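Asks: Read off the chains here:
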Amino acid sequence: MNENAGPGARRDADGYFLRAEAITKIYSDGTVALKEATLEIHPREIIGLLGENGAGKTTLTKILSGLLPPSHGRVVSPRGPVRFANPREALDFGIGMVHQHFALVGTFTATENVALSHERPFSRIRLAKTRERLEALMEESGLRVPLDVPVEKLAVGEQQRVEILKVLSRDVQLLILDEPTSVLTPLEVDELFALLHKLKEKGTSVILITHKLKEVKSITDRIVVLRHGEIVGDVRTAAATTERLAQLMVGKALEGEPTAVELSADQLPQTLAARRKKASSSEGILHVADLVARGNTGEIAVNGVTFDVHGGEIFGIAGVEGNGQSELVECLTGLRVPVSGVATIRGTNILGKDPRQIYRLGVAHVPEDRWRLGLVLPFTLAENAILGVHRWEEFQGPFGILRRGKVNQHVRKLMDRFDIQATGPNAPAKSLSGGNQQKLIVGRELAKDPAIIVASQPTRGLDIGAAKYIRDLLIEMRDNGRAILLVSADLDEVLALADQLAIMYEGRFMTLCRPDSLNREQIGMLMGGVACKEVA
Amino acid sequence: MSWMDIVSLLRIALHAMVPITLTAVGEIVGETAGLFNIGLEGILLISAFAGALGAEIGGPWVGFLIGMGVGAMIGLIFAVMATYWKGTQMVIGIGINLFAMGLVAFGLIQLGAPGFHSVPRDVQLAKWRTPMGAMSPMIVAALVAPFIIHWFIRRTRAGLVLKAAGETPEAADVAGINVNMTRLLAATFGGAMAGIAGAYMSIAWIGSVTKDLSAGRGFIALATVVFSGLNPLLALLGGFIFGFFQGLAEWVKTLPSKPIPFQFVSMLPYIVTLLVVSGAIGRVRFPKALGEPYKRE
Amino acid sequence: MTENPARESRLLRGVHRTVTGLHPALESVVAGIVGLLIGALLMYIWGFDPWKAYWALLRGAFGGSYEWASSLARGTPLVLTALTFSICVRAGMFNIGAEGQMMMGAMAAVCVALFAAPTGLHLVIGLVFAAVIGALWSVVPALLKVYRGVSEVISTIMFNWIGRWLALYLAIYVIVDPMRAEKTLTVPASARFPILVRGTDLSASVFLAVGVALVMYFLLWHTTMGYEVRAAGLNPTAARYGGIRNKRTMIVSFLLGGITSGLAGATIAMGLPPSYAIFGGGGFPELTNIGFDGMAVAMVGRNHPIGILLAAIFFGGLNAGGRVMQFYGSNPVPLEMIRVVMGAIVLAMAIPELIRLFPAVKKQGERLFAALRRRRETRSKEGEA
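Chains as they are written, first to last, in the working numbering: chain X, 8 to 543; chain W, 5 to 301; chain S, 320 to 704.
Worth flagging that the hints you see were computed from the coordinates, not collected in a lab.
All figures in this text were calculated on a predicted structure; none of them were measured in a lab.
Be aware that a few hints might be false.
Said to hold, decoys possible - Only some residues are given here: those of chain S computed to face chain X with a beta carbon under 8 Å:
| hint | residue |
| --- | --- |
| 1 | 438 |
| 2 | 542 |
| 3 | 543 |
| 4 | 544 |
| 5 | 546 |
| 6 | 550 |
| 7 | 553 |
| 8 | 559 |
| 9 | 560 |
| 10 | 561 |
| 11 | 562 |
| 12 | 565 |
| 13 | 623 |
| 14 | 648 |
Quick reminder that beta carbons are idealized off the backbone N, C-alpha and C, glycines included.
Please take these sequences and the hints and turn them into a complete structure.
Replies: Shown next as C-alpha cells:
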C-alpha cells in the first residue's frame, strides 16, 4: 500500500482523510436517522463508533461508503467535496465497508467474490492471477481463508474474512467494519484486532462500529459516541472511562443517583412507586434453564440462559439487538429449535413444539416484526384478528364454514376494547396505522386468554400515543395476573415497565435483578458487556 | 433396426436437437441472471414466421438475421417488463405466447394459405451432402454454441456478473453492478437465441411455417434447461435426448407392427426431466433470485 | 346557494371509494381496452378497418340471444380452467397444468360410453370420474413440491405434455370409436348435458361452471380451510405462526384445481354438439389451448371467482364474436386476431398497477379530489355561519 500513490496523496495536506460535515439523513418514512453529524477521520487511526440501536451508526457509515445519499450536509476530502453514487465509487476513492450482513454470493468461491468487484466486464477473468494476489494479501494481512470453497460453506468468521479481503484487495484508505465481532469467537476477535493494528501501521484508517465497551477500549485510538442520531461524544480512548462511555451511550445520568428514567411524565402510566406491585405468591409460569440455541448463520446466539417468569410480573430483557434476544423468543414461541436446555410452561415442555401447540399451552406472542409474523397485510382487520384462533369452536359452522357473523362480533368487541381505529372489521389491515395494527395484534393475542404474553419490541415504530397505550395495556395485563416477558431494545421502556430486569449480552444474561437496583451508568456498562463487579 | 434406420434416426435426432439446444442455451443465460421466460414458445413461433419472410426477401442469411432480431426484440420487451416495470414474469411469458400464436396464425392467413406457408426451396438454407444424408449446417452451430456459452459463463467476468445477478443481486449491487441492465442483456440474448432457433425451423429444417410449428418446443427447451441444471453442455445432451426421442417416435410410427405406441416414446423425455428434477437422478440447483424482480432497499 | 352539503360529500366519498376500491377491476378494464387498441392498431397496419371489425365482433358476441348463447358456451370451459390457476395462485403457487388436467378429465368423461346407466346419473358419474382423474393429475406435482421441493411450474408443464400424450394414446387406441378411428367413442345421450338454446352450443354445462365458481368462492372465503389456504398464500410465515400447515394448504389447492380442470374436460366431452366425442386424430382441436386461455381469463378476472365469471363472458364473447367477425364485410379480419388481442390484454395485465404508470393522471385526480373536498368544507362552514 504505497502512501504516495492514489488516494493517499489526497490526505497529507490538511491532516485529515475525510470529513463528514453536518450530515443529516431523513428516511422516506420520516425517521430522522442522523442529525447534523460532523466527523473528521484522520489517517492511521482506529475510530470506534459507539451507540445503541437506532443511534445512527450504520446510517452514517452507509453514507460514507456510498450506499446511501445524505439528505443534507456533505462529505469532504482535502481536495474538495466528494459524492458517491454507489459503493463502487466509494471503493474507487478508497473507502470500503464490511457490512453486518455480508454482501457475498454464496455459490462463488472467495476468489470469485473478489473478482466480482474488480476487472472490466468482458475480460477473461484471470482467476489464477486474482488468486495469486489474494494469496499475497493473505500473507501480508495474516488472514487465512480457503480460497476455492463456495463461500456459503465457510464458517461465519471465515466469510467475514473473505469480506475483509475483498475490501482490502482494493487498497482502501478507510476500512469500515459494522459490528464485526458479533459473529466471531474470542480467538478470531484477537486475530481481527491484530490485523487492524497492522493496517493502521500501514497507513489505513479504520472505523469500527460496535456496542461493546471493552472492545472499543482495547483497540481504538478514538471513540465517537452516537445517540438518537447525534454525535454526543468524540474522545480519545485513553482519556475515556467505561462509565463515561456508558453514560454517553444511554443518556444523561444524574451524578451518583439511581434510576434516571428518561420517559417524560405523560408517558409514565402512573408514578413509579404505585406501579411496582408485589409479585405475590403467583405461580411460576415460564421456566427456562440453560437454554442454548444457534442463530441463522450457525453460531451460538443464546448461550445458556436461565430465568423464571411468574404470574403478575413483567420480566424485561434489555440489551442491544443482536445479542440473542430474537433467537431466545423464537425458541419459546415455536419458531426455532434450540440446541439444548429446558423451557416449560407450568411444567410442560415447549421446546421443539409448533406454534399451535405452544399457544394451546397458554403462550401468546406479540412478534417483533409485525408485518412478517403478525399480520397478513392484504387480509382484512377481521381476518387478521382471528389468525391463530380461526379454529375456535365459536367460529365453526357445519361443513367447515367460517361463521363470519361470529367473527365480526368478536372483532367489534376487540375494536371497542382496544380502541382500534378503522373504518370497520372489513378494512384492509394495510390501511391501519402502525399503532392500530399493533393494538389489533395485542388484542388478538389477549383474546387467547394466555397465561404468559411474550412481547417482542412491542412499541417499535409506534407514535407516542400508541406506544403509551400498549405500555398501559401491558401493565394492566400484569395487574390481572398474567405473566409478561418483555423484550425491548428501548431501554427506557424496559426500565419503566419491568418488575424483573435482565440485560442480555452475547447470548447470556449479564444480570438479573430489579430495575431500580442499578443506576443508569451500570446498565449502560452491562449492555456494553462490562460485568457488574468490574464497576468500581 | 437396420443400419439405414439407425442413420436415419440419428439424422432426425440431430436436426430436432437444434432448436431445442439453441433455445435452451439462450434461456440458460437468462435464468442464470434470474429471469424465467415462459414465453419462449411464442418467440420460436414468431421468429419462424419472421425468418421465413426475411428469407424470401433476401435469402437464408437475411432470414436468420431477421429471426434473431425479432427474437431479441421480444426478449428485450420481456426483460424490460420484468425488471424495470417489476412485472410478474410468468404472466408476461403467457401473454407473449398467446400474442404470438394469434399473430402468426393471422399473418399466415394474410400470406394466402391459412395455417400453412411453405418456404421456397431456393431461399432455404441449403443442406450439406454427407454420408449420413442431407444435414443442415446449423447442426454445427447447435453443437458449438453450448461450448461457447459454457466457456463464457465460467471464464469471463461477465459470466460472474450474470451469476451474481441471479443468485444474490444485493451482493452484485454492492459490487457496483447494474442488476437490471445485466438481466436485460441476458434475456435479450435468450430471445435472440430462440429467434435463431425459430428461423432455423422454417428456413433450414422443416421448410414451412404452420401455426403450431413450435409444437411445444419452447416448453421442451424449458424442460431441457431444468434437466441441464443451467449447464449448457448438459443442455446439449438434453436437446439431443429430446431430439432422439422425437426421432424414435417418428420411427415407431413408420413400423408396420407397433410394439410400443409412439405416444409413450414421446412421453419419455418429460418423464426423464421429472425424475431429474425430483432428485431421483442428479441434483439441480437454481439461482436463488430466479423469478424475483430486484429492488434496492 | 349550493346543494345540500351533506349529499355532496356522500357522493364525493362514494366516487372516491369506488375508484380506489374498484381498483383491481379497473386495471382489468384498462388492460382490456389496451389489448383491444393494440389489436386495432395491428388491424389498421394490415389494411383492415378496425372499427367495422370490432362492430362485427360486438354484434357477434352479444348481438342477440343466439350470440349470447355462443359466447356463454365458449366461456364455460374457460371458467373452469381459470379457476384451476386462480385457486392455486391464492395458495401462493403457479399451477400451469390446466391443459393436461383438462385433457385427462375429458378422457375420463368419455369413459361413460363404456357402460350404461340411467339418464342424469350417467352424466354425474362421468363428472365425478373426470373430477377425480383431474385431481389426481394435479396432486402429483403438488406432492412433488411439498415433499421434494420440485418447482410446480416445471412439474405441471411436464404433466401437461405427459397428459397430452397419454390422452392421445387413449383416444386413438383405447377408447376409440371402432368405426371412425380419428375420434373417441361418442358419449351416449344419457350422459350428455342438455342443450339450452336450440341450434347453439350452449348446454347445461354453463350451470355447472357457474355453480363450481360459486362453490369455489364459498370454499375460499367462507370456510376455515379456505381461510387457511388464502393466508398461507399471502404470508406463509405468519400463517405458519398462526398454526396453519402450509403443506396441507398447498395440496388442497392443487386438488381443487385439478377437479375444476377435470370438469372442464368433461364439459367438452359431454357437452359439445354435434359429436360429443374428442378427436384424437386432429390432436384435440376442441380441447387445445383451453387450459392456457383459462389462465388469461384467470388473470383478467383477478383470480377471483366472480371476476373469472365476468372475464370468461368477455373472452367467450371474443371467441364467439370472432367467428362472426371473420365473415363480415368485404375485407373481414380473420379469427386469429382474437388471440392476438387476448395476448395483448394479458401483457397489459402483467404490469402491476398499470394505472400507476400514468402518474400524471393519478396526481391530477387526487388534486381534483382535494380541491373538491376543500370547497365542500368551506361551503359547509359558510352554511353554518
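Asks: Could you run down the list of hints and mark each one as holding or not?
Replies: Going through the hints against the structure:
Given the 8 Å rule on beta carbons, the hint for residue 438/S is violated: about 29 Å separates it from the nearest Cβ of chain X. Checking residue 542/S against chain X: minimum C-beta separation of about 5 Å stays under 8 Å; hint holds. The interface hint given for residue 543/S is met, as the beta carbon of that residue sits about 5 Å from the closest beta carbon of chain X, less than 8 Å. The criterion of a C-beta within 8 Å of any C-beta in chain X is met by residue 544/S, whose closest approach is roughly 6 Å, and the hint holds.
About 6 Å separates the beta-carbon of residue 546/S from the nearest beta-carbon of chain X, less than 8 Å, and the hint is met. Hint status for residue 550/S relative to chain X: holds, with the closest Cβ pair at about 5 Å, below 8 Å. For residue 553/S, the shortest C-beta to C-beta distance to chain X is roughly 5 Å, which falls under 8 Å, so the interface hint holds. Because the beta carbon of residue 559/S sits about 7 Å from the nearest beta carbon in chain X, less than 8 Å, this interface hint is met.
Of the supplied interface hints, the one on residue 560/S holds, with its beta-carbon coming within about 5 Å of a beta-carbon of chain X, less than 8 Å. Interface restraint check for residue 561/S: the shortest CB-CB distance to chain X comes to about 4 Å, inside 8 Å, so the restraint holds. Interface hint at residue 562/S: satisfied, since its Cβ lies 3 Å from the closest Cβ of chain X, which is below the 8 Å cut-off. A cut of 8 Å between beta carbons decides the hint on residue 565/S: the least distance to chain X is about 12 Å, and the hint is violated.
Restraint check, residue 623/S versus chain X: the minimum CB separation of about 13 Å is more than 8 Å; hint violated. A hinted interface residue such as residue 648/S counts as satisfied when its beta carbon comes closer than 8 Å to some beta carbon of chain X; here the least separation is about 47 Å, so the hint is violated.
Against the hints set out earlier in the document, violations occur for numbers 1, 12, 13 and 14.
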